[in-house]
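Undergrad: Each chain, letter by letter, is given below.
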Amino acid sequence: MIPLTVIGGFLGAGKTTLVNNLLRGAQKRWGVLVNDFGALNVDAALIEAQDGRSIALSNGCVCCTMGDDLGDALATLAGYRPDHVVVEASGVADPWRIAQLALVEPGFSLEPIVVLADAMTLAAGLADRWVADTLRRQLGFAELIIFNKIDQASPAQLAGARVAVAELRPQARLVETTQASIPLDALRFSPVPRPQPSRFLADTPHPFITALWVPPGPLDPVRLRACLADLPPSVLRIKGAVTLNGDAKLLQYAAERWAFTPAPAGLPLGLIAIGTPEMPDLAPILAACVA
Amino acid sequence: MSTTVFVARRIVTMNCSIPLATHLAVRDGRIIGVGDASIASQFGPAVIDDRFADSVMTPGFVEGHGHAIDGQMWRAPYAGYYPRTAPDGAHHAGLRSIAAVTADLRRHEAALVDPAQPLIAWGFDPIYFDGPRMTVADLDSVSATRPIIVAHVSGHIYNVNSAVLERCGFSRDSNIDGLLRDAAGNLTGELQGPAVMGRAARTVGDAGLLRALDVPGLRAYGAIARRVGVTTSTDLANALTETNLTALRGATAEADFPIRLVPAMRAREYSLTDGIALISQLRSQSTDKLHFGMVKLVVDGSIQGFTARLRWPGYHNGAANGLWYVAPAELGAIVEAYHRAGVQLHIHTNGDEASELATEMVGRAIAAHPRPDHRHTLQHCQMADEAIFRRMAANGMCVNLFANHIYYWGDQHAAITMGPSRAQRLDACATALACGVPLAIHSDTPVTPVNPLFTMWCAVNRLTPSDRVLGPPERITQAQALHAVTLGAAWTLKLDHKIGSLDIGKFADCAVLADDPLQVAPEAIKDISVRGTILGGQVFAAS
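Protein sequences appear in the order of chains A and B. Under our numbering, the first sequence has 179 at position 179, and the numbering climbs by one with no breaks. Under our numbering, the second sequence has 92 at position 92, and the numbering climbs by one with no breaks.
I should point out that these hints are in silico values taken from the structure, not numbers from a laboratory. Note that the Cβ used here is the ideal one computed from N, Cα and C, for glycine as well. Among the hints, a few may not be true.
[As the list claims (entries may be wrong)] With the Cβ distance kept under 7 Å, some of the chain A side facing chain B (calculated, not the full set):
1. 80
2. 91
3. 100
4. 130
5. 133
6. 257
7. 258
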């Protein structure tokens, strides 16, 4: 399964800068989906092959344009076997809508939904009659919010942005940065066993906690569905293989949405849950779903 | 230098100097004289063509907002509610119930030989049906093994059968947005939004509805358009890829291609630099039948799909505000760049907030870079109020209103989306004219069928299927409506010096009608039969 990170954020928040950073650093073979090559600042000397829809770089990275059908573009990208796929949502898109595709596209696993925000303009944007509701929608399902351009923001602007996000999306982790520069592990869930006491103090992404549960046997689909529907928002992801009605199924869960697809051959049974420090112990909850 | 003189019972010219005539003299495809019988001998030896002597002629109709892909839709079965005529002239009565739709699909299914070939239908719109929506069981009754997709007329929803659900891996246990369920939690087979629809289309294979333009498809569109009196149609919008350009050039080069095509470049396909370079290069390659120069922008979605951007008080049923398809500031930058490059913009705005934003951005662009006669046009602009129209007039903008919407969705707008009082100003043709905004009216085919006489009827009567008159003061006169589908539409395309009226030097493009749309009773405009068209002096019979 290829990890997939959706990067959202309004026009000017720094999404393209972030993508350019990834491609230039190239510590992995990134596969990047963008709306438009034009804004990408790819060094011409790096370009190995290019057609209308994709650019392959000599450092192993590849960029594709999204076109009308995101799933189609993802399939094209998967053909290059990248280590990690990053989807740059358009400035007005709802990143959560795009993220859900990863739940049904075979071969991808959904990593944190990242939303960049311009620390200078976020508070003003949330008061703007033309853009406020779009910003709210974008932040609504964010799991990692990156305040960018904090060097240019006044203390009042930054404080306003923090207050707004604490109100809109208290569940999200926060990172504050400049030039859209972030530690690479922020683009994947990097769970640790023990929760940290505060989520607002550190300047790196707060860790997530993780739990593994191996079902003792087949699960009951009706009870499992009911159980998933009742999970609290502190559960960010569940993924792994289970047996339902005699078939091995891959479950992917994110933010109260989920999909079952046929499990890849050889995947051992077991569910991995990733959550905020408030995530409850899932073992007794899931055990009630055993058929 | 042969001259042909066409004789008609009456010729409505839309030409102020000679508004009415009986004779039209044509040389080299252009009008050399218009007037009474005395002009027949004024231009040397002439062939008198009196086959339309008992008909009425008007300038050929101009469809200011259509999509040439209409011609290719008909490769798949039509599943729409309203009657519609196929390119071959076959009349489809319209399917008035879900049972009628499935019965028709069964007929098409039986004709397919290869059991793996998917069955795709288009034009479905359940908004008109009372009672339960179409379900997976309905389509499984057609076939549970052959993949079936019924595309809605909006383009934003599919209904599919269980064969498609299975292949997509969508099941009762999938819980993602866009998979609709019944009260018991089972999937209904209705797929909403690009994520799940795209997966279905890709899983089933070539859905047929997403193909690039080709020459046979354009011929089919030409056949549909000329049958309703159209001699010029936009294709709004077109990616203008090499494939599409080859098809456009190929079709319009054919001697018997019956319409002039005016494609608008879909801006979002290109970066600003590339888009401006392409449209500038294409502009010089225009021919008599293929005109380049316009660019299309899309600001929001549709009202009945709840994706249009509305100002306060928003959707009548409380739905959340719609979506920007482009960020407001980005729209400003795009408008400015194309405006500076001398391009004419056609800007899709359905909701009033989108219209207001586009008007604001055009205002900023012309303040920064004054350019006379830009004629930037808002397309659809369905909910603009008087204040927006006044600002548009002050900016020198034009409007092309979606008059067909009044009939096709007027009742739904009054009941659900806009509420009874705001719906009165849906496609406010009279207000636009009163404010001094040049007006065209359109069908947006294939969203509603291209038929300018019907579009005129909508703007003149504003009747809905329930016999409600939606906003009586917004009704316009027959003469205003005829202007809006001829010279008015030509003005919005910057082609009013070539088409849109019957005047010396302009193309000899006519619609040939059984009756005069200015003299029949207002409610009868849509029933006037079209006997043919004349394009550059060449006669096309309507049959």
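Undergrad: Next, verify each hint and record whether it holds.
TA: Tested hints:
The beta carbon of residue 80 of chain A comes no nearer than 18 Å to any beta carbon in chain B, farther than 7 Å, and the hint placing it at the interface is violated. Evaluation of the residue 91 of chain A hint against chain B yields a held restraint, the C-beta minimum of about 5 Å falling below 7 Å. Because the smallest distance between the Cβ of residue 100 of chain A and any Cβ of chain B comes to about 5 Å, under 7 Å, the interface hint for this residue holds. Satisfaction of the interface hint for residue 130 of chain A is found here, the shortest Cβ-Cβ separation to chain B being roughly 4 Å, below the 7 Å cut-off.
Annotation: residue 133 of chain A was flagged as interfacial toward chain B, and the flag holds, the nearest CB pair being 5 Å apart, inside 7 Å. Proximity of residue 257 of chain A to chain B holds as hinted, the smallest CB-CB distance being about 5 Å (cut-off 7 Å). Here the hint on residue 258 of chain A is kept, as its CB sits about 5 Å from the closest CB of chain B, short of 7 Å.
Checked against the numbered hints given earlier, the structure breaks only hint 1 and satisfies all the rest.
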